[in-house]
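Visitor: Chain E is already provided as a structure; the job is to place chain R on it using the hints.
Heads up: the protein sequence lines correspond to chains E and R, in order.
Position 59 of the first sequence, counting from 1, maps to 59 under the numbering used here, and the rest follow consecutively.
Position 371 of the second sequence, counting from 1, maps to 371 under the numbering used here, and the rest follow consecutively.
Just so you know, not all the hints are guaranteed correct.
Claimed, not checked - One-sided and incomplete, this derived list gives chain R residues near chain E with beta-carbon spacing under 7 Å:
{"no.": "1", "residue": "Ala63"}
{"no.": "2", "residue": "Val66"}
{"no.": "3", "residue": "Asn150"}
{"no.": "4", "residue": "Thr153"}
{"no.": "5", "residue": "Val344"}
{"no.": "6", "residue": "Leu383"}
{"no.": "7", "residue": "Met416"}
{"no.": "8", "residue": "Ala423"}
{"no.": "9", "residue": "Ala425"}
{"no.": "10", "residue": "Val437"}
{"no.": "11", "residue": "Thr442"}
Claimed, not checked - Derived lysine-lysine pairs resembling DSBU-like cross-links, with alpha carbons at most 35 Å apart:
{"no.": "12", "chain 1": "E", "residue 1": "Lys100", "chain 2": "R", "residue 2": "Lys431"}
{"no.": "13", "chain 1": "R", "residue 1": "Lys431", "chain 2": "E", "residue 2": "Lys431"}
{"no.": "14", "chain 1": "R", "residue 1": "Lys120", "chain 2": "R", "residue 2": "Lys100"}
{"no.": "15", "chain 1": "R", "residue 1": "Lys91", "chain 2": "R", "residue 2": "Lys120"}
{"no.": "16", "chain 1": "E", "residue 1": "Lys431", "chain 2": "R", "residue 2": "Lys100"}
I should point out that these hints are in silico values taken from the structure, not numbers from a laboratory.
Glycine included, each C-beta is placed from N, C-alpha and C at the ideal position.
2 protein chains.
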Amino acid sequence: MAGSYDVIVLGAGPTGENVADRAVRGGLTAAIVESELVGGECSYWACMPSKALLRPAAAVSEANQVRGVSGARLDPAQVLARRDGFAHHWKDDSQVGWVKNAGIDLFRGPGRITGERVVKVGDTELRAGHAVVVATGSRPVVPPPLAGVNPWTSREATSAHAVPGRLAIVGGGVVGCEMAAAWQALGARVTLLARGGLLERLPAFAGGLVAKGLRDAGVDVRLGVGVTGATRDGEGGITLTLGDGTTAAADEVLAATGRAPRTEDIGLETIGIAPGSWLDVDDTMRVRNAGGWLYAAGDVNHLALLTHMGKYQGRICGDAIAARARGREPTVTDRSSVTCVPQVVFTVPEVATVGLTRRQAESAGRAVRVVDYEIGDVAGASLFADGYTGHAQMVVDEERQTIAGMTLAGPGVGEMIHAATIAVAGEVPLKRLWHAVPSYPTMSEVWLRLLETYGL
Amino acid sequence: MAGSYDVIVLGAGPTGENVADRAVRGGLTAAIVESELVGGECSYWACMPSKALLRPAAAVSEANQVRGVSGARLDPAQVLARRDGFAHHWKDDSQVGWVKNAGIDLFRGPGRITGERVVKVGDTELRAGHAVVVATGSRPVVPPPLAGVNPWTSREATSAHAVPGRLAIVGGGVVGCEMAAAWQALGARVTLLARGGLLERLPAFAGGLVAKGLRDAGVDVRLGVGVTGATRDGEGGITLTLGDGTTAAADEVLAATGRAPRTEDIGLETIGIAPGSWLDVDDTMRVRNAGGWLYAAGDVNHLALLTHMGKYQGRICGDAIAARARGREPTVTDRSSVTCVPQVVFTVPEVATVGLTRRQAESAGRAVRVVDYEIGDVAGASLFADGYTGHAQMVVDEERQTIAGMTLAGPGVGEMIHAATIAVAGEVPLKRLWHAVPSYPTMSEVWLRLLETYGL
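Here chain E stands alone, though its shape is the one from the complex (with noise of 0.2 Å):
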């Protein structure tokens, strides 16, 4: 069996499913092949079904801190079974319609590149008359001490059918944070072992936030701490032993320590590219050095490890690819990818993030400066929850006078990070933000307060 496309993309993820169809809305045809679940990651294993179980943890939590509420408390059984939902009970019916209706045909099983614009499925040889977009994602790292006791990785963390009564969770980014705070709120006794502290590609506090929160929680957060062993006894409990020594003992353990490219088995040995690379790619998503044909977007390509980064460079790539096929050079291209990526951690409280940090704009040799504000002093926080604690901090570059980055921390800050998207993405100067009013009471207002911190 043979067929050809103008487009073929392997991996039927977000990123993979916005290659194709863009490119089809380009006028181009458009295969995809896709070795397990049409949907990928985000629908099955990670974003829908992690935020599935953390919503209703965060709905309790954010009506509780309201006085005048009360008896607000979770279903665990329910809460799984709402997770089964929105995880589609693991089945892609409804992802494969979509994949028909937008024009785009399905291969299913693991593609390989066999040669330039070939890709091989089963038997069935494919060639492009355009591009191969490799948009096969990521997987979990297992570091080597937990390898022998069959941990759990973000896939089982997000789809497990009953609550573990201890879990331990090895890694303080935010699969484990987020995974300690939706295990702890289900009923697991959950420790978390992170090796530095939380969050730290974040300024100090998000992860000081995110520290107590869990604590306040009943988390046993331990930071500073890595796992040099692990064993399981034949009753199932697993013993950590960690590198000061102690030990910590559980019923399950996540590992939840990175991620790696999925580029291992799909055939990049045969165009001159080293199997298990993260691939390198232009501001069009073209892999550099590859002939011009061969594109990479999402996770794979490694610069922003998030579906909606992965989304939006699918959607370039698609338009770019479609632009020179018609033989223009595409006049959208990639400007966020490194310097105005939002990311929601959804814990108790929630943070969230945009742009560069104070020291990410330091080492771009950008001059900035720090702003920095007690979210909790705004009043529409104060009646959002009482007691409300959170922290503002702004990235100001002082010779753009535009918001570089910002990072929140607190109930509910998940939905105010886009107007820092805008801010940043806009570059819009730190004086036309002045009459960017916030409405009263919001917690928004707290814009009002950075800026006024600045000196406007």
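Guide: The following block gives chain R in isolation, referenced to the frame of chain E:
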């Protein structure tokens, strides 16, 4: 007694406080004259107590819309006590302390202008070296048919210490809708009577969703009906006669039909201005054709009757007076009070809007295109509340290729509007907004969908 100041401000609400504060920061001396509580309507009878009443109901509603959460309920006595706290028990000590710390002198009593740059407070004559600022705000208007039954106004509706059995509300604007939501949630049986629809200045979907939300909460919403008469019987019961010949019975009735400027009794006649007028100002808040020394900020100038806009105008006004006192023209002038006014209506669901509606934009001669999207179709919204219902409408200025306005209605949209406020105030081109990637899965992803629907 006598005194002299660079600036004399009539009215110690948030607007007047901001005027005086900015003037003092600009190196001037300032006095504030206040006949009631320092802190103004907002602190005691508007924003703060109303939102203190509304937030618990919203938290309960939001929690109970999430599968897996149950049991959240309101305790009306606790909610009223919470409200009392946010209204500082109608004592202004903390605000008086703020005024003092800001270096502003406070004069208590009704202030009257008695001539150019002269204000009398009781026996004290104050002379202004540079400016007198009217920041006396507005008062509710009681429509004639309700005058005889001693109705609630916004003051009683925000400060009442007991829940009426039956509350009739006359007026379908923001006050009427918010107070219907608050008192119904607290246990009153509310009848909301509107001459037209609800929230009629906004696109029709907003009022439609609020009407549905109020009805779902048990409010008897009657649209297209005016009140022609009202009587109170010997036992305190009120009967309203309606334009359609029907009646409505209540224990209290709230007049929420509009506001008038508090300028009747401040001596405007001594300087040739009709008492009771709204005061017409330029973009520095200086009253036109009044000799150059008279300013008016906040509700009283009728530009935008909202606390945050009054504060914004207050900052501009105080800075402008300070600049002119140094012989310079102000560099920062009002650019938002007409074209970039944000507002959040804290009903269930919330409504949030900024900038121009289609109708307003077309009246201003701007060529616009309207883009609509169901917020519930965004993954973040379905995670936020099962069965999420909400709507977004974006008004695009086709010539400038910027956003002229946006209106959102749905649970939790209040903190989402500041993103649009920044886009409108910053005149961020649509093509640049495309690079402001919303974090997945938040409700802010509606931005992506709106831009895609537009054609990006």
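Visitor: Hint by hint, note whether the structure agrees.
Guide: Status of the hints after comparison with the structure:
no. : hint                   : verdict
1   : Ala63                  : 4 Å, holds
2   : Val66                  : 5 Å, holds
3   : Asn150                 : 29 Å, violated
4   : Thr153                 : 20 Å, violated
5   : Val344                 : 5 Å, holds
6   : Leu383                 : 5 Å, holds
7   : Met416                 : 5 Å, holds
8   : Ala423                 : 5 Å, holds
9   : Ala425                 : 4 Å, holds
10  : Val437                 : 5 Å, holds
11  : Thr442                 : 5 Å, holds
12  : E:Lys100 with R:Lys431 : 29 Å, holds
13  : R:Lys431 with E:Lys431 : 22 Å, holds
14  : R:Lys120 with R:Lys100 : 21 Å, holds
15  : R:Lys91 with R:Lys120  : 25 Å, holds
16  : E:Lys431 with R:Lys100 : 29 Å, holds
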